[in-house]
Every structure is written in C-alpha cells, then in structure tokens.
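K.L.:
For this one, chain A is given, so just place chains B, C and D on it according to the hints.
These are the residues of each chain, in order.
Protein chains: 4
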Amino acid sequence: MSSIDLNADLGEGFGRYRIPGDAELLSLVSSANIACGFHAGDPIVMRETVALALRHSVTIGAHPGYPDLGGFGRREINATPDEVFAYVTYQVGALAAFCTSAGTRVRYVKPHGALYNRAVGDAEIAQAIANAVRDLDSDLALLAIENSQLAQAGRSLGLETANEAFVDRAYLPDGSLLPRSSPGAVLTDVEAMVQRALRMVRDHYVVAVDGTRCLVHPDSLCVHGDGETAVAIVRALRARFKEEGITVAPFVT
Amino acid sequence: MSSIDLNADLGEGFGRYRIPGDAELLSLVSSANIACGFHAGDPIVMRETVALALRHSVTIGAHPGYPDLGGFGRREINATPDEVFAYVTYQVGALAAFCTSAGTRVRYVKPHGALYNRAVGDAEIAQAIANAVRDLDSDLALLAIENSQLAQAGRSLGLETANEAFVDRAYLPDGSLLPRSSPGAVLTDVEAMVQRALRMVRDHYVVAVDGTRCLVHPDSLCVHGDGETAVAIVRALRARFKEEGITVAPFVT
Amino acid sequence: MSSIDLNADLGEGFGRYRIPGDAELLSLVSSANIACGFHAGDPIVMRETVALALRHSVTIGAHPGYPDLGGFGRREINATPDEVFAYVTYQVGALAAFCTSAGTRVRYVKPHGALYNRAVGDAEIAQAIANAVRDLDSDLALLAIENSQLAQAGRSLGLETANEAFVDRAYLPDGSLLPRSSPGAVLTDVEAMVQRALRMVRDHYVVAVDGTRCLVHPDSLCVHGDGETAVAIVRALRARFKEEGITVAPFVT
Amino acid sequence: MSSIDLNADLGEGFGRYRIPGDAELLSLVSSANIACGFHAGDPIVMRETVALALRHSVTIGAHPGYPDLGGFGRREINATPDEVFAYVTYQVGALAAFCTSAGTRVRYVKPHGALYNRAVGDAEIAQAIANAVRDLDSDLALLAIENSQLAQAGRSLGLETANEAFVDRAYLPDGSLLPRSSPGAVLTDVEAMVQRALRMVRDHYVVAVDGTRCLVHPDSLCVHGDGETAVAIVRALRARFKEEGITVAPFVT
Numbered sequence: 001m002s003s004i005d006l007n008a009d010l011g012e013g014f015g016r017y018r019i020p021g022d023a024e025l026l027s028l029v030s031s032a033n034i035a036c037g038f039h040a041g042d043p044i045v046m047r048e049t050v051a052l053a054l055r056h057s058v059t060i061g062a063h064p065g066y067p068d069l070g071g072f073g074r075r076e077i078n079a080t081p082d083e084v085f086a087y088v089t090y091q092v093g094a095l096a097a098f099c100t101s102a103g104t105r106v107r108y109v110k111p112h113g114a115l116y117n118r119a120v121g122d123a124e125i126a127q128a129i130a131n132a133v134r135d136l137d138s139d140l141a142l143l144a145i146e147n148s149q150l151a152q153a154g155r156s157l158g159l160e161t162a163n164e165a166f167v168d169r170a171y172l173p174d175g176s177l178l179p180r181s182s183p184g185a186v187l188t189d190v191e192a193m194v195q196r197a198l199r200m201v202r203d204h205y206v207v208a209v210d211g212t213r214c215l216v217h218p219d220s221l222c223v224h225g226d227g228e229t230a231v232a233i234v235r236a237l238r239a240r241f242k243e244e245g246i247t248v249a250p251f252v253t
Numbered sequence: 001m002s003s004i005d006l007n008a009d010l011g012e013g014f015g016r017y018r019i020p021g022d023a024e025l026l027s028l029v030s031s032a033n034i035a036c037g038f039h040a041g042d043p044i045v046m047r048e049t050v051a052l053a054l055r056h057s058v059t060i061g062a063h064p065g066y067p068d069l070g071g072f073g074r075r076e077i078n079a080t081p082d083e084v085f086a087y088v089t090y091q092v093g094a095l096a097a098f099c100t101s102a103g104t105r106v107r108y109v110k111p112h113g114a115l116y117n118r119a120v121g122d123a124e125i126a127q128a129i130a131n132a133v134r135d136l137d138s139d140l141a142l143l144a145i146e147n148s149q150l151a152q153a154g155r156s157l158g159l160e161t162a163n164e165a166f167v168d169r170a171y172l173p174d175g176s177l178l179p180r181s182s183p184g185a186v187l188t189d190v191e192a193m194v195q196r197a198l199r200m201v202r203d204h205y206v207v208a209v210d211g212t213r214c215l216v217h218p219d220s221l222c223v224h225g226d227g228e229t230a231v232a233i234v235r236a237l238r239a240r241f242k243e244e245g246i247t248v249a250p251f252v253t
Numbered sequence: 001m002s003s004i005d006l007n008a009d010l011g012e013g014f015g016r017y018r019i020p021g022d023a024e025l026l027s028l029v030s031s032a033n034i035a036c037g038f039h040a041g042d043p044i045v046m047r048e049t050v051a052l053a054l055r056h057s058v059t060i061g062a063h064p065g066y067p068d069l070g071g072f073g074r075r076e077i078n079a080t081p082d083e084v085f086a087y088v089t090y091q092v093g094a095l096a097a098f099c100t101s102a103g104t105r106v107r108y109v110k111p112h113g114a115l116y117n118r119a120v121g122d123a124e125i126a127q128a129i130a131n132a133v134r135d136l137d138s139d140l141a142l143l144a145i146e147n148s149q150l151a152q153a154g155r156s157l158g159l160e161t162a163n164e165a166f167v168d169r170a171y172l173p174d175g176s177l178l179p180r181s182s183p184g185a186v187l188t189d190v191e192a193m194v195q196r197a198l199r200m201v202r203d204h205y206v207v208a209v210d211g212t213r214c215l216v217h218p219d220s221l222c223v224h225g226d227g228e229t230a231v232a233i234v235r236a237l238r239a240r241f242k243e244e245g246i247t248v249a250p251f252v253t
Numbered sequence: 001m002s003s004i005d006l007n008a009d010l011g012e013g014f015g016r017y018r019i020p021g022d023a024e025l026l027s028l029v030s031s032a033n034i035a036c037g038f039h040a041g042d043p044i045v046m047r048e049t050v051a052l053a054l055r056h057s058v059t060i061g062a063h064p065g066y067p068d069l070g071g072f073g074r075r076e077i078n079a080t081p082d083e084v085f086a087y088v089t090y091q092v093g094a095l096a097a098f099c100t101s102a103g104t105r106v107r108y109v110k111p112h113g114a115l116y117n118r119a120v121g122d123a124e125i126a127q128a129i130a131n132a133v134r135d136l137d138s139d140l141a142l143l144a145i146e147n148s149q150l151a152q153a154g155r156s157l158g159l160e161t162a163n164e165a166f167v168d169r170a171y172l173p174d175g176s177l178l179p180r181s182s183p184g185a186v187l188t189d190v191e192a193m194v195q196r197a198l199r200m201v202r203d204h205y206v207v208a209v210d211g212t213r214c215l216v217h218p219d220s221l222c223v224h225g226d227g228e229t230a231v232a233i234v235r236a237l238r239a240r241f242k243e244e245g246i247t248v249a250p251f252v253t
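Read top to bottom, the protein sequences are chains A, B, C and D. Per the numbering used here, the very first residue in the first sequence carries number 1; after that it's consecutive. Per the numbering used here, the very first residue in the second sequence carries number 1; after that it's consecutive. Per the numbering used here, the very first residue in the third sequence carries number 1; after that it's consecutive. Per the numbering used here, the very first residue in the fourth sequence carries number 1; after that it's consecutive.
No lab work stands behind these hints, which were simulated from the structure alone. Certain hints may be false.
Unchecked claim - Example chain B residues on the side facing chain C (calculated, C-beta under 8 Å, incomplete):
| # | residue |
| --- | --- |
| 1 | F14 |
| 2 | G15 |
| 3 | R16 |
| 4 | Y17 |
| 5 | D42 |
| 6 | L69 |
| 7 | G70 |
| 8 | G71 |
| 9 | F72 |
Backbone N, C-alpha and C define an ideal beta-carbon position, used for all residues, glycine too.
Isolated chain A, as found in the complex (with noise of 0.2 Å):
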C-alpha cells in the first residue's frame, strides 16, 4: 500500500576522479540526481551515468547546481535570479541531450548544496530555477524540501512538486535543516537513520534537534553519502522497508 522513492546524487565523479560505488548505487536507488557539470560531473561522466540509470530502469533527476567545482557546489554564491535561471536552464538542458541521446528523458530537477539552501528560503531564487523548470518543460517535476520557498514556487507555477526528506541530516524545529557546518549536522548512525525513514514514510513525522516532532509527508528520501556509505544506508532502508511492508518506486509517474 505505502510506497516511497529513494533518490541519491550521482555522477559527482569529474575527469580521472570518479566516485566509486555509482553502478552499485543505481541498482537500488528509484531516483538518480546526476550531477551536471557545474559543481561536479563532466560530459563523460554524464552520458556514462546515465547509460547506468537507463539499464537499472532508475528516474532520471537532473541536479544543477552553482558553477563552483572547487567548492563541490556547497558555497553560496551570491548569484542572482537571471543567472541562476540561466544555470538551471543550461545545465537540465545538458542532461536532457544526454537522455534523448539515450533514448530517455529527464523527469524531474532538484537543485545541488548550496543552491539547493538558498532555494530553501529565498524566494526569487526558487523562482528563478521553477521558472526555468516551468520555460524548458513543464512535465518536468521538482524534487524539493516540505514547505520551502523552491516547493511553493513549484507548485505556484503548476509544476509536480514532490516533497523531499532527509534519512541523515537533523532537522530544525521549523523543517529545515541543520547546516552542513553545524556539529551533528549530518547522522551516520544506518540503524537511526532507519528508524528515522519509517517514522518519516508510515508517520509522518520526524524529531528536531530541540525533541519537537516535525510533520514531514515525505514522497521521497533523499540518501546521501560516497560509496559504500549509501549503498549500505540504501541496503538497510530497503531491507526494512520490505518487511514493513513499503514499497520503493520512483515518486514521478
């Protein structure tokens, strides 16, 4: 009865560095956000990634993000609403040519780190990207956090907006989350990050870091972590997941 998606970022590798793991990973995510050539990823990377999604039968997510490969896309960048419009467009457009290519599509963007962040709380900037989303395509889907300016803005424009929550990031009283720098920021514990899930999906809640319980009403987890780290988070998620009785399905239909 209960289904949910399991998405996680791919395709982060660049030239000779590549992220070990992305083949083991897109056999059990339902929802690949491949990286697109601005905080990470290359044209190589790209097509390889999504030639790997295709043959796993995984959602194809683009995850633009701030030009910014020395900084992984985790620094904000004080970028305005015309040029991340024009970021967002240029970089899901890539991805697209790589999917067609391919013989698939894009189904959905969701913006990288620091972006992502802004996007959170700063309204013309989640304009600008559903903007961008809405102009390219407007069967694309957008992959944002519950009560977000970014999700607002999907969902202003007519846009499926799908919320996401985060299986190992804690989480503020008010639903955002703790940032990356704070300590505690991010969880790595797989047996909490579990029981996190089913409270997240069956529900609907999750406890902030003051003990508050947080509505959620997630219709995907987002998974992060290099590697072997995810595929063990992912492993442990499904494996619980069966038991209760939760099916994991791509949340764009």
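P.N.:
Okay, now just chains B, C and D, sitting in the frame of chain A:
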C-alpha cells in the same frame, strides 16, 4: 533565383567580457552560430543571444568547441572521439534548452575552431560529431566545409548537410583552408571578400593560394570578424548580392 | 609637499578577451593592481601586464580575487578563511613569479571585488588575508580602505598598511562604500571625482550619501573604469593635482 | 655508495576529490612532484601537500601541466611556446608561494603528462620550459628523461638537469616511452618493476619493447600509480635497494 545563407559566430562573450556588435550582426546574417560555453559563451550570454536571434528571425545553430576558454577553442586538444561525442551532446543540449525556453529551436550544428578543423580531416572525430548530432536530433543539420570528413560523415548518416565556404580565409588547392597561423590566412580587404563571395556563389569557384581554381558549391558563407569588421563585411555582401539578384536566406528550411 | 598614489585595476583580460587601454592607463597611474587569474587575468596577460608596468616604472600590486571568472570576482562566495588564505597565497605567488622573471617584484596586495568587500567587515577573512601576505613576504604592503577589518588585521601583524580611498564610489556615513548594486553607488562625473579627490587628499574628508563628512587619510586613490573612462579620470586628476602642487607617487617606497 | 632518488606525483586531488595515500607515499619517496592547479591540485591541496612533504623531509618539485583539469593534463594541447612559458612561470610561482609560506622551497621542476611528453621531442617547447625555470630561479633543477629535448635545453642554459627513468613504463629502442595509449605501455607487475629498477640503477640499461638494451643513467626513478599501488611499488623498491646497498636520497642536494 539564386539564394545564399550568411552565417557568423555569435554570443562569444563570457561573464563581464562582451563582444560588441552582436545585436547589429544579428540584424544582418541569416544564420547564427551560437557559442555554447566551452570555448566562449556562458549561460547568461547564451540566453541573451538566443533572444536576440529570435527577435531578428535568424536561424540558430549550435557552435560547440573544445573546453578551452583560455585558448578560445582555437588550440587543438587531443580529445578522443568519445570525449568529442560527449562534448558536442552536452553543448548542443545546453543551447537547445535556451531555445526551447524561448519558444524556438536549434536548427543546425557547426563545430568551432580547432574542433572544426580537426573534423575536416579526421574521420573518427567527424563521425563522433555526426553521431552526436544524429543521436540527439536527426532533424538537426550539419554545416561543414565541402569535401570534408565532417560533411561526409553527416551525409553517410542521412543528416541534412550543408556546404560552407569562407569569404575571408585563404584556400589551399584541395579546397581546405590555409591554417590561421600562416601569413595571409585571413583576408582583410572587404572588396576582395565581396568579389570572392560572388565567384563562390555565382561561378562556383574560389582561387586558391597557388592560383588554381577550386570548385565550391556553398549553401552558406561564413563571415568572421569581431563587431564592426563583421558588420561592414556583411553589409557589403548584402549590397552586392542585392544588385546581383542573389537572395540572402537561411540554408535550413 | 603633498603626495598621493593613484592605483587602478589592470591586466583584467582573459584569453582572447582583452580590456583596451591598459597600456595608456599604466602610463598614468603610480600603482597597478594586477589580476592574478582567478577573477580575471591569465598567465599570458599577467606576463604582459608586468612587462608594461615595468616599462612605465609603475609599482606592482597583486590583486587576488575569488575563483569566479564568470562573475568577475564580484559575487560573494562563502569561502572559509583557510580557503581564502590559500587563494591569496596562490595568486600572489603566481604574480610574484612573473615579476621575478621580469626582474622586478610585487610590492603590495589589494584584494579584489567581493573578496575586498568581505575583508572590510569580516575579521576572520581579513585575518586570513593578512596572514597569507605576512607568511609569504612580510615586506609586502597591504592596501585597504581606512578603518576596515583588513587594515586592522594588517597593522596588527606589523604589515605596512596603506589607506585607500575611492574617487568614484559613494560613501556611507561610517566610511564604508555604498554597495555597487545600489543606485548612485558609482559616480560618473569626472569633475565631481576631481573635487572629491582634492577634498580627500587636501582636506581629509569625503561627503557621505547622507551629507555627513567622513574623515579620510588616503595614501592611495583608486580609479576604476574600463579603458577610456579610467584614462580620462586619471588625466583630470593629474592635471588638477599639478595645479595644487600635489605630487603623484607610489605609496610604497 | 650507490644512491638513487625516488619521485612520485603528489597533491593531485582537487576540491572534494582527493587521492588517498598521499601521506603514506610521502613517507616513502625522496622527491615529490606537486601538482600546481592546472591539470590537478588546488590551493588547499597544494598547501596541505607542501606541509606533508615538509613533515617528511621530502624534496619538493613543481609539477606544472597544461590547463586541462578535465583531461588531467594528459591530452596534448597545441599551446605556443609563449603560452607554455607563462603556464610554467605561473604554476611554479604559485607552488613556490606555498613553500615560502611554510618555510621551505621548491627545488626542481618536472612538467606533467602531455606537457612532459611534448618537451621530450619539441625543442621549442623544451626551450620555453627551461627559459621559464631559469628566468624564475636559476637554482631550480630540471627533472627530465635522458636525451630529451628538455634535458638538452636545461643543460644548455646551465640549469642543474637530472635524468629521470620510469620503472613502470615500456621503453622504445630510442630511450623514449611507449605512449600511454599503447597496449603494454604501463607495467603492473611489482617484481618486474623492481628488477627493471635494479638494472637501471646498477647496470645502467633498460630493455626496450623490441628487446634491445637502452643505456640509462638515472638520477631519479619515477613511480606512478594511485595510492596503494604506488605505495606497494615504493616499498618493494626500497626493500630491494636496501639489500643491494643502494641508498634512496633526493637528487637535488
């Protein structure tokens, strides 16, 4: 009766660096080769250039190059065919996104600089480019110098492949261009260019550096030159063509 | 009796993109802030600009910025102090190499754009920059706006620290600059700039946007503007300074 | 009595991409070729690698490459001698700054990848590199394969020029390397490398791919391989050298 296309390289700014004259040049050519961010151009410039092209009803072509902003894509990089395939797919896709977003589309692909030169004589690279174009959208045309490996690869895949000739570059007896680094490679006299253009379009030949006549059957004439120079050349060409009853019109229909 | 330095940003081309007027501007200023390849400049341009500065006996300063060619270093990037330390070290070292190679040397450091602005108010970043300069060469001077965190950090480390004032930027009552994005932030009237420069140098004040007088004690006046504009301003400043008996000379000795 | 240097490429990470094993490798080699940010390496990585080298008393060399992070500097770029001069000056200067800042200094220069290969046979490029090194600091040594244009250019300028030999690369009869793209170009068997190293150091020859013996007089042996592989090779070399009474020591003194 007679008709010819005029193409020029456009959108070659980057960040705060802008090439003046794009707007005027776009009011005069029939086809615009728009840089895609690797050798020149950036998302902001691409968006603006697509909008300008649309306003002037100029046909839009993608102008992918090597990833070498520092060398403006004019330096040969020993990239593999797989890398070139991926570079072309990425860049054409990025430009296509701006076109879709603006309600228009990319109609042809013309490689830039060193990539173009390599595709003239290197069959594998020519094939990689043609494959990338075909896999992405088999309705895209290819613009290439006559008798090149690139033209041959395009035709062998059934792509619409148009002949390009150069009004401002010295020709070798085999119909290829004298390399840009050789003395006399680039013509600067506007009247000489006009004469040459007329011979190419009306009489189907060009006089090579050794005095021999090379047969050419151009669908499109390429005009180089930054800002004012290019504008002056195109104005002169248009004026003479008018006198001669030659129409300027896009080569893709 | 009175003497003032005139500094300008130079060597801000990249690859085929060149800023005209560098040669002329170098014949007029006493100190050149030379871009180091992160926000602008490249190895070829740096080598040429150092040679030009040497020919005109202009004092050479390093002008390190954020790694953001696309944004010309004018966008705040949330880099850590450690990153900023490393960015400054890298860039000053690269420029120093061209100076050594040409038989001269870097005499001072002035951060560029958003990095400069951040160092005005952010004590940690100011300290990181000052540390980088001191660790590299404690004979290097620092050029910074008066009362800034950067000036304070430089002085606390015993670095020669010179006061910079801006002839073409609106001031806030606290002596800081009105952000470039605000209306009226950049002055364009040359005569107004000359008047302001005289007041700064002779009378030691500048009139802020609210009409209050801010005390300033400039060792160096910064002149912005590309090519012709900057040249016109510096010419006008020099002419008036001559009438007033104010000598133009480098602030480092 | 006999002494040989062991050099390895280090500091080849970029941003979040890190090459594991640098710390261990630095405890085993006598000379470190540190990447300078063009083909690999970034300011953060450079600073860390210099600190590690200093801690292990490893001699520091600059390892400048083509500006091609996407190709890891392994693709030939048709840069001019002037561009190469400027690239080498820039990169060596940047690394030198981190050394000065840490209280040590760069002792030699060894070009990377495609730039190294080009300097083997292209006299103009070899000269440009040697000129850059000499103009920057004539106390810097040059590390180059024997009989190469680069070695010749270095000696002709009076630079200390050391002979490098490769324990893991197939040789052609003329003493040059079989290109990396050819089958069998890279040896993988550690014992075979150890045997070869002994013959090079003790008996002064290496067996080329056609069975002929090439004379070599190595001052330094290059060990490639990421992380664990390189560590295993260097450990094996050191063990055998010890048995044979061969000391491992920096080639620059």
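K.L.:
Now tell me, hint by hint, if it's right for this structure.
P.N.:
Hints versus structure:
Because the smallest distance between the Cβ of B/F14 and any Cβ of chain C comes to about 7 Å, under 8 Å, the interface hint for this residue holds. Taking 8 Å as the C-beta cut-off, the interface hint given for B/G15 holds, the closest approach to chain C being about 5 Å. Interface hint at B/R16: satisfied, since its Cβ lies 4 Å from the closest Cβ of chain C, which is below the 8 Å cut-off. For B/Y17, the interface hint holds, since its Cβ comes within 8 Å of a Cβ in chain C; the closest pair sits about 4 Å apart.
Because the closest C-beta pair between B/D42 and chain C is about 6 Å apart, less than 8 Å, the hint holds. Hint on B/L69 holds. Least Cβ distance to chain C is approximately 6 Å, under the 8 Å limit. The interface hint given for B/G70 holds, since its Cβ lies 5 Å from the closest Cβ of chain C, which is under the 8 Å cut-off. Hint on B/G71 holds. Least Cβ distance to chain C is approximately 6 Å, under the 8 Å limit.
Annotation: interface hint on B/F72 holds; nearest CB of chain C at approximately 4 Å, less than 8 Å.
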